[in-house]
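Undergrad: Single-letter residue listing:
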Amino acid sequence: MENNSKKDDIAIDVASVAKLARLKIDNSEIKQLQEDMTKIVNYIDQFSELDLDDVEPTIHAAQFNNVWREDKSVKGNFTEEILKNAPALVDDELIKVPQMMSGDTE
Amino acid sequence: MIDIKKLTLVQSSKLLCNGDITSIELCKLYLDRVNEVEDRIKAFVYFNEEKILDQAKKSDERRNTGKTLSDYDGIPIAVKDLIAVKGDPCTCGSKILSGVDSIYDATVVEKLRNKGFVLFGRNNMDEFAMGSTCENSSYYPTKNPWNLNCVPGGSSGGSAAAVAASEIGASLGSDTGGSVRQPAAFCGVVGLKPTYGRISRYGLVAYASSLDQIGPLTKDVADSALLLDIISGKDEKDSTSLNSDNPNFLDTLINSGRDLKGLKVGMPKEYYIKDVLDKNVQKSINYTVSVLENAGAEIVDVALPHIKYAIASYYVIATAEASANLARFDGVRYGHRSKDSDNLLDMYLNTRGEGFGDEVKRRILLGTFVLSSGYYDAYYLKAQKVRTLIKNDFDKAFEQCDVILSPTSPCPPFELGAVTDPVQMYLADIYTISVNLAGICAISVPVDITESMNLPLGVQFIGPAFGEDKILKTAKVLEDNRKIKSFIPQI
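Protein chains in written order, with the numbering used here: chain A, 1 to 106; chain B, 107 to 597.
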């Protein structure tokens, strides 16, 4: 784990993070993003001053148990309106997207 | 004659109920004002005169036939461009949502409609609520009505500027790390961040779901209470909205005493570091203390020892949640889709690369990084543990005081383009961010004007969870007793 507080050791591979995030980043942007993110992560790294071993994480501002509602059907009736916002349709009722893989598969 | 620059919702309601004005006349007053100043302010991204006047006409018909929905029937109100209004665009200030119309009303909008409010239009914002200046809007930056060279704050900068410039009487914004309170302070209006769960988030486009909360931006504290009464409450469509006794905030505020006898106001020593705080801001705090003490409040020292880690914790948690929430914008079902992609993966990559602005990309990348394998424990889990420490700090502080006083922003409004370093920009959220992490409530109220620049300054009162009545009361007493009676920019 890169968990020790060697501050200048944080190497963020912006290109691979961008791939995980499904974001196209131009090569010309990578250097600036790398600089910005390193700065931010170095700032965040001040956590390493704290002993957090026995602290429970807070995942939400308010604590919830299961939230139930009555099991009854309600009318959605949105389909046509939802499809109005779609960029491309097939037969006016299905959303069209490019093929999963290009013709010449890798 | 009606002075639109001073008109509050409470006053509009009286005028409408007394028959002194019709909804159409009232809406036309605001439309005239928009025509007069909007070119310079740029607070709106959408409004439709025909739709406004149609709603107003229906309201007037209700009133004429004794079918008025409430005392507020016919009052226009705006919303930030991330709250869904059926049939209107909802773009979150982003190119990626261009062309998208909402297909349903947010719960808060439904509640406003049920009382007869006229949905007036949509206010500009930092893209997906990420920013503190409104400069990250994909449309145009909004200008501060007090000085057109200055930012209005953000991310609800359009809402704050529109209310300050009297283009509208009130607007609903959203606050994830200070996005209602900081622009309210920068524009000289009142901004309330309610307790997490007080208001349904259904129909609010999510930035960071465990921190987001809708809140009103208004001319005065009473209007803030009024809107809180209307929009709060548990909602089946948002399972994180909470059951709470819904006290009648406006009536409680009007009927509670005019002094603060018995009220303990905490001042965290970590918030008042000598020589760091802007001198105008320090002065406004000193002045606030004198007003509160004169009203009978007792000032006590409190400690928030982990507060210095709040910004770091916030920017891990908020970006992590954002990276997940914004995954839905992929060009498949709605919004922008990149033209020349011959396979699905390229379409995702290109659509998101073209559609998102720089700050949104930065935060998605940061969120993806802190959640990625090998870094989750080092950053995300630690940030959540720090969140616990901050929450505990507030719990302890509220054992010693009723409300906490702090500046809303560490500095007065600054010029457009003045802050470019992301970390410097994030540090400007220092007083607001911890409130969202702890899920508690806070209000920003204007208190003074800087001598040299004639810019407004706000202070913040922080209350415990579901302690809105206390912060509203404290803010109201300050509002009634400050030397500047109304904050009206010269525009």
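It is possible that part of the hints are untrue.
Stated by the list, open to error - Computed footprint of chain A on chain B; a stretch qualifies when at least three of its residues, placed anywhere within it, have a C-beta under 8 Å from a C-beta of chain A: (1) 129-137; (2) 162-174; (3) 196-207; (4) 439-446; (5) 493-504; (6) 538-545.
Said to hold, decoys possible - No more than 25 Å apart at the CA atoms, straight line, and that leaves these computed lysine-lysine pairs for DSS-like: (7) A:Lys72 / B:Lys340; (8) A:Lys72 / B:Lys445; (9) A:Lys75 / B:Lys445; (10) B:Lys445 / A:Lys24; (11) B:Lys589 / A:Lys19; (12) B:Lys414 / A:Lys39; (13) A:Lys75 / B:Lys414.
As the list claims (entries may be wrong) - Quick list of simulated restraints, FRET-style, between CB atoms: (14) A:Lys39 / B:Arg168: 23 to 33 Å; (15) A:Lys75 / B:Ser396: 35 to 45 Å; (16) B:Lys389 / A:Asn66: 19 to 29 Å; (17) B:Asn349 / A:Ser28: 27 to 37 Å; (18) B:Asp145 / A:Lys75: 43 to 53 Å; (19) A:Glu56 / B:Tyr152: 43 to 53 Å; (20) B:Ala524 / A:Ser28: 18 to 28 Å; (21) B:Asp357 / A:Ile59: 41 to 51 Å; (22) A:Asn66 / B:Asp145: 46 to 56 Å; (23) B:Gln530 / A:Asp91: 47 to 57 Å; (24) B:Ile360 / A:Gln63: 31 to 41 Å; (25) A:Ser73 / B:Asn349: 38 to 48 Å.
Simulated from the structure, these hints should not be mistaken for lab results.
Heads up, the beta-carbon is just placed ideally off N, CA and C, and yes, glycines get one too.
Undergrad: All hints are to be evaluated individually against the structure, with a verdict given for each.
TA: Now for the hints, and whether the structure bears them out:
1. Interface restraint, the stretch 129-137 of chain B with chain A: violated (0 residues with C-beta to C-beta distance below 8 Å; minimum three).
2. Residue count for the stretch 162-174 of chain B with a Cβ under 8 Å from a Cβ of chain A: 0. That is fewer than the three needed, and the coverage hint is violated.
3. Under a criterion of three residues with beta carbons nearer than 8 Å to beta carbons of chain A, the stated coverage of the stretch 196-207 of chain B is upheld, 3 such residues being counted.
4. Given as covered by chain A, the stretch 439-446 of chain B passes the check, having 5 residues with a CB less than 8 Å from a CB of that chain where 3 are the minimum.
5. By the rule of at least three residues with a Cβ nearer than 8 Å to a Cβ of chain A, the coverage given for the stretch 493-504 of chain B holds, with 4 such residues.
6. Counting residues of the stretch 538-545 of chain B whose CB lies closer than 8 Å to any CB of chain A gives 4, so the stated coverage by that chain holds, three being the minimum.
7. About 19 Å separates the Cα atoms of Lys72 of chain A and Lys340 of chain B, which keeps this hinted pair within 25 Å; it holds.
8. The suggested pairing of Lys72 of chain A with Lys445 of chain B is violated, with an alpha-carbon distance near 42 Å, which exceeds 25 Å.
9. For the given pair, Lys75 of chain A sits about 35 Å from Lys445 of chain B by alpha-carbon distance, which is inconsistent with the 25 Å threshold.
10. Simply put, Lys445 of chain B and Lys24 of chain A have alpha-carbon atoms about 14 Å apart, close enough for the 25 Å limit, and the pair holds.
11. The straight-line distance between the Cα atoms of Lys589 of chain B and Lys19 of chain A is roughly 56 Å, outside the 25 Å bound, and the hint therefore fails.
12. About 17 Å separates the Cα atoms of Lys414 of chain B and Lys39 of chain A, which keeps this hinted pair within 25 Å; it holds.
13. Under the criterion of a C-alpha separation no larger than 25 Å, the hint pairing Lys75 of chain A with Lys414 of chain B is inconsistent with the structure, at around 49 Å.
14. Between Lys39 of chain A and Arg168 of chain B the C-beta distance comes to about 56 Å, which lies outside the given range of 23 to 33 Å.
15. For Lys75 of chain A and Ser396 of chain B, the Cβ-Cβ distance of about 58 Å falls outside the hinted range of 35 to 45 Å, so the restraint is violated.
16. Roughly 51 Å separates the CB atoms of Lys389 of chain B and Asn66 of chain A, a value that falls outside the hinted 19 to 29 Å.
17. At about 52 Å, the beta-carbon gap between Asn349 of chain B and Ser28 of chain A misses the expected band of 27 to 37 Å.
18. Restraint check, Asp145 of chain B to Lys75 of chain A: a C-beta distance of roughly 44 Å satisfies the suggested window 43 to 53 Å.
19. Under the hint 43 to 53 Å, the C-beta atoms of Glu56 of chain A and Tyr152 of chain B, about 44 Å apart, fit the expected range.
20. Checked against the hint of 18 to 28 Å, the C-beta distance between Ala524 of chain B and Ser28 of chain A comes to roughly 25 Å, which is consistent with it.
21. In this structure, Asp357 of chain B and Ile59 of chain A break the distance hint of 41 to 51 Å, their C-beta atoms being roughly 36 Å apart.
22. Separated by about 52 Å at the C-beta atoms, Asn66 of chain A and Asp145 of chain B satisfy the suggested range of 46 to 56 Å.
23. Taking the beta carbon of each, Gln530 of chain B and Asp91 of chain A are about 53 Å apart, inside 47 to 57 Å as hinted.
24. Roughly 34 Å separates the CB atoms of Ile360 of chain B and Gln63 of chain A, a value that falls within the hinted 31 to 41 Å.
25. Checked against the hint of 38 to 48 Å, the C-beta distance between Ser73 of chain A and Asn349 of chain B comes to roughly 24 Å, which is inconsistent with it.
Comparing the model with each numbered hint stated earlier shows that hints 1, 2, 8, 9, 11, 13, 14, 15, 16, 17, 21 and 25 do not hold.
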